[in-house]
Amino acid sequence: MAKKMKIKAKEKDGVVTVKAMFTSLMADTEQALKNKVEVEYIAHVIGKVNDKVVYEATTSGFMSENPLMKFSFTGAKKGDTLEFTLTDNHGKTQTGSKKIK
Amino acid sequence: MERRKFLNIGLVAVAAAVVPATSLHAVNFRETKAKVWEAEKSSQAIKEMFGEEVFSAPNKLIAVTDKIKMTAPKLAENGGSIPIRLKSDLDIETLAFFQDANPRAATVVFSVPEGQKVDYSFRIKMRLTAYVTVVAKTRDGKLHTLNKEIDVSIGGCGG
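In order, the protein sequences belong to chains A and B.
Quick note: the first sequence uses this note's numbering, first residue 27, plus one each step.
Quick note: the second sequence uses this note's numbering, first residue 303, plus one each step.
Keep in mind the hints are simulated off the structure, nothing from the lab.
Glycine included, each C-beta is placed from N, C-alpha and C at the ideal position.
Among these hints, one or two may not hold up.
As a list, the in silico DSS-like pairs of lysine-lysine whose alpha-carbon atoms are at most 27 angstroms apart [as the list claims (entries may be wrong)]:
1) A/LYS125 x B/LYS376
2) A/LYS78 x A/LYS104
3) A/LYS36 x B/LYS389
Selected chain A positions facing chain B (in silico; Cβ < 8 angstroms) [what the hints assert, rightly or not]:
4) VAL79
5) VAL80
6) THR84
7) THR85
8) SER86
9) MET89
10) LEU94
11) PHE99
12) THR100
13) ALA102
Only chain A is shown next, with the shape it has when bound in the complex (with noise of 0.2 angstroms):
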């Protein structure tokens, strides 16, 4: 699952915004049935800053094709790196990390 993430994380006045697209069909077993795909979700979303857990989901297949996350966090300076975690269904995992601006 060797697939693009994209990450953008920008830090202002002591909070970071952070944008991440992913790429998965997200397709579940009805949609995957009908396109005839296999069933490729994720399932685990984490992510992280020097170690400490800023951002979870547990996902389902009923979010969009190559799901868009947006969320905002404090706590991490600029020039941290924010480190995500993907598992998907069938417990394959995936990482990606990003510096903060």
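On the provided structure of chain A, position chain B as indicated by the hints.
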């Protein structure tokens, strides 16, 4: 002596019960609450997620709130991508999002890290017009909910 021993046992038991609750970050709800993802209706999914007594408790654990703001279109032109934004200043521990339009109700469950405010945007799929329900559990154990009907125009025509 007997009494002292008895008290000690009690203390150990309390300590053991508290430990798993405090180390409760990095939860994969797919493993801990597997049944939630099988539920077909929102009410059923909420019961699986937050416990059976949610709807039947005498002092109503669950209450409709206006402290969580949900931004969602009234009329969605594209059922494949409906933007949703959830915002709240409450001290939320778990935030769950359900809809009734798809074969299974559970869509996304956030576990909010301690001290962070909720401001999440994401996009969902809905095949037909239905209600969406948000249930939030605050750190003091209370449940808050709100729902909204989203019209999905089939065929992509928003007229």
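The hints, checked one at a time:
| no. | hint | in the structure |
| --- | --- | --- |
| 1 | A/LYS125 x B/LYS376 | violated, 37 angstroms |
| 2 | A/LYS78 x A/LYS104 | holds, 16 angstroms |
| 3 | A/LYS36 x B/LYS389 | holds, 19 angstroms |
| 4 | VAL79 | holds, 5 angstroms |
| 5 | VAL80 | holds, 6 angstroms |
| 6 | THR84 | holds, 4 angstroms |
| 7 | THR85 | holds, 5 angstroms |
| 8 | SER86 | holds, 6 angstroms |
| 9 | MET89 | holds, 6 angstroms |
| 10 | LEU94 | holds, 6 angstroms |
| 11 | PHE99 | holds, 5 angstroms |
| 12 | THR100 | holds, 7 angstroms |
| 13 | ALA102 | violated, 11 angstroms |
The earlier numbered hints that this structure contradicts are 1, 13.
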